[in-house]
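Peer 1: One-letter residues, chain by chain:
Protein chains: 2
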Amino acid sequence: MKTLEQEFQEILAGKEPVNLYDPIEYILLQPGKRLRPQLVHDVVEMFGGDPEQARLVAMAFEMLHNFTLIHDDIMDMAPIRRGRPTVYKKWNSNIAILSGDALAIMAFQQLLKLPCDKQIIIDIANLFSRTSLEICEGQQYDLDFETQEHVSLDEYLNMIRLKTAVMFAGCLKAGALLVSAYEESQQALYDFGIHLGLAFQLADDVLDVYGDERTFGKSIGGDIRENKKTYIYLKALELATPEQRAQLKGLFAVPTTDFEAKYKAVRAIFDATNVKAVTDDLVMSYTMQAKEDLERVNLPADKKRNLQNLLDKLINREK
Amino acid sequence: MKTLEQEFQEILAGKEPVNLYDPIEYILLQPGKRLRPQLVHDVVEMFGGDPEQARLVAMAFEMLHNFTLIHDDIMDMAPIRRGRPTVYKKWNSNIAILSGDALAIMAFQQLLKLPCDKQIIIDIANLFSRTSLEICEGQQYDLDFETQEHVSLDEYLNMIRLKTAVMFAGCLKAGALLVSAYEESQQALYDFGIHLGLAFQLADDVLDVYGDERTFGKSIGGDIRENKKTYIYLKALELATPEQRAQLKGLFAVPTTDFEAKYKAVRAIFDATNVKAVTDDLVMSYTMQAKEDLERVNLPADKKRNLQNLLDKLINREK
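Residue numbers (our numbering), protein chains in the order written: chain A, 1 to 319; chain B, 1 to 319.
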């Protein structure tokens, strides 16, 4: 079977105008975790489905993911991603808007190529478009939170569910639709994806503060630098004494000037509130829920080993 | 039957976050020509098809059209459209990027709701996504032309085919797919849309210079002010004497300061080259081709009257 990269190169070969398609090739061929394609392939494989069909769906989700990255990086004014200039930095915002649009459309086109039952195509396309729309909603909430005085923990969890978890869930359920799994198994895999996604994002929030720069792969404290209202920040506000709360809010109320001093002060409050342990507990709780979801999938346990391992690997990433 | 506006309001009712969906409601409910929905409805009506199904397809194309407007207005930094602030001006660029994305996805969702043969849904979705991608390509060429020293007439015509004409053609062919028209009729209607779109855009280019401000609905000379390389400009360059050509190029090489003087100078060269008559001839030629396309549609002549009238109306807009 061809690699994902070869497939991407093939569908982009000779396409014009180059200013539209070069940025798409640039982002699709960057080395990445390819986590979303793996989720699709793992589900299809565990049910003994057709890997070629899985490939088309996996490509669609990877394209959708990269479309969101192109547009998010404009909105967040992020200059670097995966160690390289972002599309809007390497080209410009207009090209990034338009090539993102084109990539989203090409993702849909992949699904329509599926050589399978037409109802399955329509079901997957419905799931795919609902997922895409929810990701937009999640990103909008994330933007809203930047200027919103008070963000509740529930609001934050709903935001990361939409922005991160539904894409995992969508990949898994799309695989289940492709192999015509029982509806209970489809739903169990969807739920597994939601819990995996929530655990994944919360673990990421913890890593941003407590991770090891060498293994984390990006610099520590980025969320603190950007005054991001993450779970660990919002929960620390809740757990803090009135003095700590006022101090933490004060630190997050102004643009960062002396990062080292700010990081030290924020981390001291986080440590004092014991918020890392509380967040780790929540990550563990979502991980356990994901395990239970996986048990509900109507297959023998040994078939589920890949997804089980993936869950363990993603949640224990810092080690 | 509900109005298009009622349908839009229904699918948007109660949707959150408001910063994502308010801009979509804002643009979809603006009074507009609703030309694309009309094309879908006219085709379905002439074949005696189901108007409710036509409505879903019409909505999808109108949503696609408005998605392109939201994003184009960011790229063109256009503050006003249809006499109102554009989305990116009324909110901001980030919200405009994201609500545009969401609108494009919602357009696809409309198609998937079609209560018809599944192969037809897939055929229309394929046509729709190909059309969407071509519109992105057209917009990218348009952006490229801004900084491209030489633009040929063929390049310009290809750009407006992609940016404007394929959406007309897509609406018409989608209607034909919905009623399972013969393939020759589908193709004839698609070709009709291309020729209609080319004639429409070229007529618009002429109106921008020679129109009557009161009936045209927007201010005259916008393309001249923006140094846009339209057909009438490119053709004038070709027809001009070396002196006129140098003068015209000089006028378009710098940002506009004294608009009145510039408009007068440009128009004098256009008049001297007789480029209006040459462009009018091309509009007429495309109009005639569109008429011939319509004749190839496998229906009695009286069924085609609506499309015939629409063509006449659009091309003779200045009167």
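Keep in mind that the hints were calculated from the coordinates and are not lab data.
Be careful, since some hints might not be right.
Identical chains blur together in the list; that is why a pair holds if it fits in one copy or across any two.
In silico DSSO-like cross-links for lysine-lysine, where the CA-CA straight-line distance does not exceed 27 Å [claimed, not checked]:
#, residue 1, residue 2
1, 264, 291
2, 90, 228
3, 276, 118
4, 89, 228
5, 2, 118
6, 113, 33
7, 262, 15
8, 15, 276
9, 303, 313
10, 264, 89
11, 90, 262
12, 229, 303
13, 276, 33
14, 262, 291
15, 262, 228
16, 276, 249
Peer 1: Could you tell me which of the numbered hints above are not met by this structure, giving the numbers in increasing order?
Peer 2: Of the numbered hints, 1, 3, 7, 8, 10, 11, 12 and 14 do not hold.
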